[in-house]
Every structure is written in structure tokens, then in C-alpha cells.
Amino acid sequence: MKLTRKDILGIKDLAVDEINLILETAESFIEVSTREIKKVPTLRGKTIINLFFEASTRTRTSFEIAAKRLSADTINISASTSSVVKGETLVDTARNLEAMNPDVIVIRHSAAGAPHMLAGMIKQSIINAGDGAHEHPSQALLDMMTIKEKKGRIAGIKVAIVGDIAHSRVARSNIYGLTKMGAKVIVAGPAMMLPRNIEQMGVTVYHQLKEAIKDVDIIMMLRIQLERQQQRIFPSLREYSNYFCLNRQNITLAKEDVLVMHPGPINRGIEIAPDIADGPYSVILDQVKNGVAVRMALLYLLTGGKS
Amino acid sequence: MKLTRKDILGIKDLAVDEINLILETAESFIEVSTREIKKVPTLRGKTIINLFFEASTRTRTSFEIAAKRLSADTINISASTSSVVKGETLVDTARNLEAMNPDVIVIRHSAAGAPHMLAGMIKQSIINAGDGAHEHPSQALLDMMTIKEKKGRIAGIKVAIVGDIAHSRVARSNIYGLTKMGAKVIVAGPAMMLPRNIEQMGVTVYHQLKEAIKDVDIIMMLRIQLERQQQRIFPSLREYSNYFCLNRQNITLAKEDVLVMHPGPINRGIEIAPDIADGPYSVILDQVKNGVAVRMALLYLLTGGKS
Amino acid sequence: MKLTRKDILGIKDLAVDEINLILETAESFIEVSTREIKKVPTLRGKTIINLFFEASTRTRTSFEIAAKRLSADTINISASTSSVVKGETLVDTARNLEAMNPDVIVIRHSAAGAPHMLAGMIKQSIINAGDGAHEHPSQALLDMMTIKEKKGRIAGIKVAIVGDIAHSRVARSNIYGLTKMGAKVIVAGPAMMLPRNIEQMGVTVYHQLKEAIKDVDIIMMLRIQLERQQQRIFPSLREYSNYFCLNRQNITLAKEDVLVMHPGPINRGIEIAPDIADGPYSVILDQVKNGVAVRMALLYLLTGGKS
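Protein chains in written order, with the numbering used here: chain R, 6 to 312; chain Z, 6 to 312; chain F, 6 to 312.
One should not assume that every hint holds.
Copies of the same chain look alike in the list, so a pair counts if it works inside one copy or between any two.
Unchecked claim - Derived DMTMM-like pairs (lysine to aspartate or glutamate); straight-line CA-CA distance at most 20 Å:
#1 Lys-153 x Glu-103
#2 Lys-7 x Asp-22
#3 Lys-128 x Asp-18
#4 Lys-17 x Asp-222
#5 Lys-163 x Asp-222
#6 Lys-7 x Glu-41
#7 Lys-128 x Glu-261
#8 Lys-311 x Asp-262
#9 Lys-128 x Asp-291
These are calculated hints, taken from the structure and not from any lab test. All values derive from a computational prediction rather than experimental measurement.
Extracted from the complex, chain R is given alone in its bound form:
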């Protein structure tokens, strides 16, 4: 089976068959990263551009490692060193890159919809590596891959997503993906962090962590974006932490075999207690490992690979 779409812009657009194809392809790539020689010649002679307008270690590194393990050539462009400082528009930057004939452009941008705009204008494949508070599809795919790996399935799994739902592209992409795949999704956070009408996305809403995580299989904690604190979304970090930090007491409300996920970077002691982040329930580093495989799958499928 092949992926027929040109771009990966969000989970909202993906059909269940497409998600299954990506996850199965990713599963087959896990093994490459464990070999003595961690490299396959699949994408030799392909050019992958990482166009990052926001700082990122893990996502850029994950895409770059994924590309290199497939033998693709990678080019990194970060906003601070780019022509953006000369006032060029995003569209002109992208059209210029298009003219150099890359195969895939991976883009992260603070403006929601930026990757979609580019995808409609240029002929190469675009992967959205995070656009504002909109979508972060490769993150949701690696999260779904991790749930499937650990629980054997996604359908019927009960997942609580906790934190600043309103400003989280990770939450949004996961809500689209998990509900499509048949999981039951619960979201929780302080009132100011919950978008109006979020129920319409097919989720159950709670305002208390303790209610939300009751009997769930998966708890997905979101990162509190400390840089937003100046905007006073919540009274204080301490207060947030009192009510929403996952710790060894409140986690007992979840199922006994609950798994804890976090997209990183972690604020230890704010949204998650250190002993939970590093403890036996945590699959946070499995998420990272699976991230490389998911990105290999996306690059492979978008450049014409078959499962």
C-alpha cells in the first residue's frame, strides 16, 4: 500500500487507513535504529530540508536522524540565520527552496496554517512539524505508535490528556487521531486552558486532574509553556502544580497498568513529579525512540515508498 497524499499537514485530514499505514511502516523501521550499521539506502539522493522558525532540539534532531538513517541528504535552516531576517516572506523562502528541488520540506512555524499555505503553493511534500497551537501530526503519530506498542491496540483505550489543551498542538493532533482510531479521550485543565466547545471534538471534559485520570489506561501530560506565564493564563505555577501535577498519590486513581506520556520538554515538578517522569509507568523515552521511526516512515512514504 502507498500513501497517495503529497503532504502531512495534520491528523485531522488523515483517514484511519492512512494512520494504520504510517504506524505499520514505522514499526518496520524500529529495527533499523538497533542495527550495528543503522542505515538503509532507501532515500539515497533525496534532499530533506528542515525549515524551523521555532527553536527545537528533539523534533529537528529526530527528523534529521530519521532522514540520515534512510541515507537522505539533510539541510537545516533555522529562522535566526535565514533570509527571514532580511524581511523575505515565508512564501518567497519556500518558493526558493522549491526551486532547489528538495524532496520533502519539514516545517515548524509559530503561525497556525503556515505549512498548509506552503503545501498549496509548492510541488514538494510538506511535513508539518508543528504550526502554532494548531497541529503537530508526527507527535500524535508517535504517541499512537507508543500506545499501540504498549497496549497492543488503540481502539477502546481510555486516554486522559491534561494541561493547557487550548494552546497545545500536541493535544489537538492527538484528539483527532485517538478519536479516529477508536480511543476514548478525556481532557482536563483549568478553565482558561480549555477551549470552548471542546466537547464537539468528541472528548469528555473535566476540570480536575483526579476526575480525569480515574480508571484511564494512558495519561498524557502536556508541557506548561512557562514562556506564556507573563500572559497570566493561570494565577501561579505553584497553584497549577497543586492541582494538576501528576504525582505518586494521584496516579493511583488510574488503572494499575496506566502508562504516562509527555511530549517533552518536561517541567519537572510542575506538570509531572520527577519520580513519575522517571518511574515505571513512564513511556516518555519510548515516545522519543518511536519518534525517529515515525519520521522515517513519513519521509519514506511521502517519497513514494510502499509498505
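Take the given structure of chain R and dock chains Z and F to it, following the hints.
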């Protein structure tokens, strides 16, 4: 035929035969970037260093893609992360790189003559990727390649270069190259943007856009460097734009099959109207495409390749 | 013979046999950088991450070139573009990288002991590329390699290390290494730049350059860190230079065949006169050349290579 020189520092130094050799080699490399596997093993085991002391997306990316499509290893060094912050001199930086035995150092620097100084001191090949307001030879070569591609020849072609001629390394390199190759070159811009005695470079000077582009085959618009605006080279952007922005009205003064070029990044609505930049006359993205091929040719020829 | 340790954290930990193994392996790699095709397939499919929390040209570039000449894939992460700006801890950054399964992480950090902490936590090999004022083992190894190359041996050689000994990781690593290898080490600098009890490291201490360099085989000048000047470690640069700048007069006190070394970047005219840095005694660029070979040896040996 082989290139016998060690460095590419400027178009001023190049003989017509050398320019022809570079353009013909570049034409033969165009095809590589259209292959399924966009890579040839020609420069395997060669090390190319991109040493950029000024921000750049397109030029650095173009050189990096060119090097990778030839299978060279590339190292990027940008001023902000380099020892320059520790106060090291340019010469010491270059000598240190020399000792690591790269094959080519591609350098962009705000000081005119910086690449020439290095070329005289170190044994590896230097390519000037832009030095102050002096020269930008790979840009002029890709411009000439584009003219030749679209018009079938350079000799006899009438080219108007419009904008801040005095501060443009693109203008200077193109004037050297186009006059050498037999084109007729016209320059135009406000008085403060025209260097004294520019006629001695073999060009015709006009102070009005409308005079300059009359019956020309090619209009090459230069980027207004907004960052210089504080120096008050011209009264206002609006005034500049009123007199020198290429738009659908004034372009009718040129030949019917006129082509519009721009080195990028474009200031839309300042030196060029959006519908002209994106319209049928524009070959701006052909320039970018040819840029990769020209840089492949330079890297190939400087490391001993034959046409 | 193989290296049995997982990490290279400092020279203090290394046995003489290990130092000899590294130097001999490095000597065998010198030839690779002089080939027409400067590349061997030894580390194909290995992933090397350069994780630099401090600005660096030469060390990062040297490791990157070393890795590429061994055919490894390299990933550069610099602090300014990393998740560190989002407040992630160093440990979480490293654990995330660990989960992407690289083979070696090369780390530079301003905090002494940072590489050691990581080495104890993650399963991949760590190379310390400079931690605070603590150690810089690859620098000391390339220095020892240069001494051995030029003098035929290290044992019995008389080496003066001059400058800000107290704040120099280069000095510390060299003191450990050179004394282990049987050299006689002298240190000199103004009183405020000499750590208390430095004699316990097995060195002789002088407060005058002229005393320190008398009859020595090697003078190793340290870089005065101008950025520390605000802390007023010494009254003025001019005064420092008057007493401690190596120049054509005072160098005559050393042996006739004395060699001058410097880890770079050089402050010309402050700790070393330009004619000495560029003169016949200087082996500064040999140090840089050997740096690539030493780093190839470290990457090779840590990933399981045998001499």
C-alpha cells in the same frame, strides 16, 4: 578543459573562456537535480566548508545542496557560533580550517576583499560567496546562465540593472560578467545609489527607470537593503517605490519578450510589484534552480574536474 | 588492542596504555586526511551528536570533520537553538538524545562535571569536549600527539604551560597527561591565575615567564580569556602582556629547538607575539591537523575499533 585557477574570487578576474567553461559545466549538471536519485559520486571524500559571516538562506543552502549532490561532506560555520565571538582574527580562523585540510572554503563576509586575503594565505580553494559591496561571482554566473538558457546567448543582449548599484555586489559582478560576454549593460537608480564614474565600467547610466528599461531584453532588479534605511540613502521607501518599482505599467516599455530577474530576497511592492515577481516575465526561480548547478560546477572544477 | 572504557571524560582517568593506544591510533589516521578521497567507511551507519552549550568553531568543526571522514552521520546541536531555551534540564536533553540511539555524544558545557553526570546516566559513549575549567581531554591528546610527532617522545620532555592556569581546562588536562607520560611540567602565570596547591599535581611553579621557559623544549601558551576581564583577574591586559607575552626576545631563553604551542584562538600581541605565532618555532597548526586525527581515533575506539 580544466579550470587552472585555485579560487573564484570575482568575475573581474575571469576570462571569457573560463566563464564559458563554468556555464557549460553548470548546464551539464542541471540534469542531476532532476533525477530520481539526485546524487553523483564525483566529490566523494571531499570536504567543503561554508564559512558565513553574514546571514544567508539561499546562498548557503544552494552551496550545501550543490556539495551534497556531488557527494561531498559539508561543514557549516556561521559567525554567531564561531570563535569570532572569542575575538579570533579571520586569518587565524581560516588558517585553522586550512590545517583540517578541507578542499574548498566558501566564504561570505561583510568586508570587501576578505576572500582575496584568505586566498593568498591558504592553500585550499576559496569561493567568494559575497564580500561586502564588492563581488558575488556565483550569483553573476547563475544570472548569465539564466540569460543564456532563456535567450540562447549573452552577446548582444541588452540588460538593465536597476536599484542601489553602489552598494550591490550582485550589480558589480554582473557588470563585469555581462560586459565581458558582450551584453550591453544599462544601470539605473537614484543619484545617491550610483557610484561616481560607473560609466568607466562600460555601462550606460540612467537616472530614471523608464529610460533605463526601454527596449531591453532583461531587467535585473536589485534588492533595496532595508537595513540601510537608517543611513538615509533615499528620502523614503515610498518615494523610491514611486520612481523605481517595476510594475505592469512601466514594464511595457521594455521588449515584449523581456525577462525579469532578481537576486532575492524580494521586497514585494518596493522594488518589484508582486504580479511582476510572480508573473510570466519572471525568471527569478530559474535563477535559483541554476544557482545549484553553477555551484556544483564551481565545486567540481575547483577540485580538479574537467568539462 | 581495544579501548575498554565507555567514555572519554578526562585525562585524569586515563592509563598510560590508553593514552598510547589513542595516540598510535591517531597517528594511523593522519594519512586519511591527506588522501585524494579523504574518507574511510569505518563508522558508516553510526550517529555522532555534537552537543555544544558553548560557542566553538575549531573543536566542533574538528569533531564533525573527524566523524565525516569516518563516514559517520553527524548531528549538531547548539544551545541557542535547543530545548534548553525552553527550560529543559541537561539530563532530560541527554536522555532524549539517548532514546534516538546515537553512538557517541560529544559534549561541551560551561559546568565542570556535566559530561561525567551524563556518562553515568546514559548508555552511549560520551566525549568531553570541554567542561568549564575542568578538562578538555581531546585537546591534551592532540597536544601530546604533536609533542611526540615533533620530538619523537614525551618522556623527559620539559614543557612550560603559561597563562591563566587556574581557569584553563587545557592546562589541567595537559598537566595530567604530560606528567603521566613522564614529561617535566612547569606552570607559570600571575599569582591570581595560579591555583593554590597546584604543586600537588606534580608541576613546578614560577611567577615569571622568563624563569618558566628557561631551557624548556615546549612552551604552551594559554589563551587569555578576554571575556573574563570584567572580573578583573589582572590589572590590565597591557600589564599582563608586558610580563607574560611570548616574544622573540624572551623565547631565546628556551632551548634552541623549542616548540611553541597554543590551543587557540590566539590573542595576537597579548599572550603571544604575532611573529612567534607565525614563526618557525610554532606548531600551532600541526596541533589543529592532529586534532582531527585524535578525534577520529576517539570516535573509532569508542565505537569498538581496534588498533
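Against the structure, the hints come out as follows:
1. Taking identical chains as interchangeable, the C-alpha atoms of Lys-153 and Glu-103 are never at most 20 Å apart, the minima being 36 Å within one chain and 22 Å between chains.
2. Taking the shortest alpha-carbon separations for Lys-7 and Asp-22, only the intra-copy value of 11 Å comes in at or below 20 Å, while the best inter-copy value is 50 Å.
3. In this assembly of identical chains, the alpha carbons of Lys-128 and Asp-18 lie at most 20 Å apart only when taken from the same copy (19 Å versus 39 Å across copies).
4. In this assembly of identical chains, Lys-17 and Asp-222 lie within 20 Å of each other by CA distance neither inside one copy nor across copies; the values are 23 Å within and 49 Å between.
5. When the C-alpha separation of Lys-163 and Asp-222 is checked against a cutoff of 20 Å, the pair qualifies only within one copy, where the shortest distance is 5 Å, while the shortest distance between copies is 67 Å.
6. In this assembly of identical chains, the alpha carbons of Lys-7 and Glu-41 lie at most 20 Å apart only when taken from different copies (18 Å versus 29 Å within one copy).
7. With identical chains, the CA atoms of Lys-128 and Glu-261 are never at most 20 Å apart, being 49 Å at best within one copy and 29 Å at best between copies.
8. Taking the shortest Cα distances, Lys-311 and Asp-262 never come within 20 Å of each other, neither inside one copy (35 Å) nor across copies (45 Å).
9. In the homo-oligomer, the alpha carbons of Lys-128 and Asp-291 lie at most 20 Å apart only across protomers (15 Å), although the nearest pairing inside one protomer, at 34 Å, exceeds that limit.
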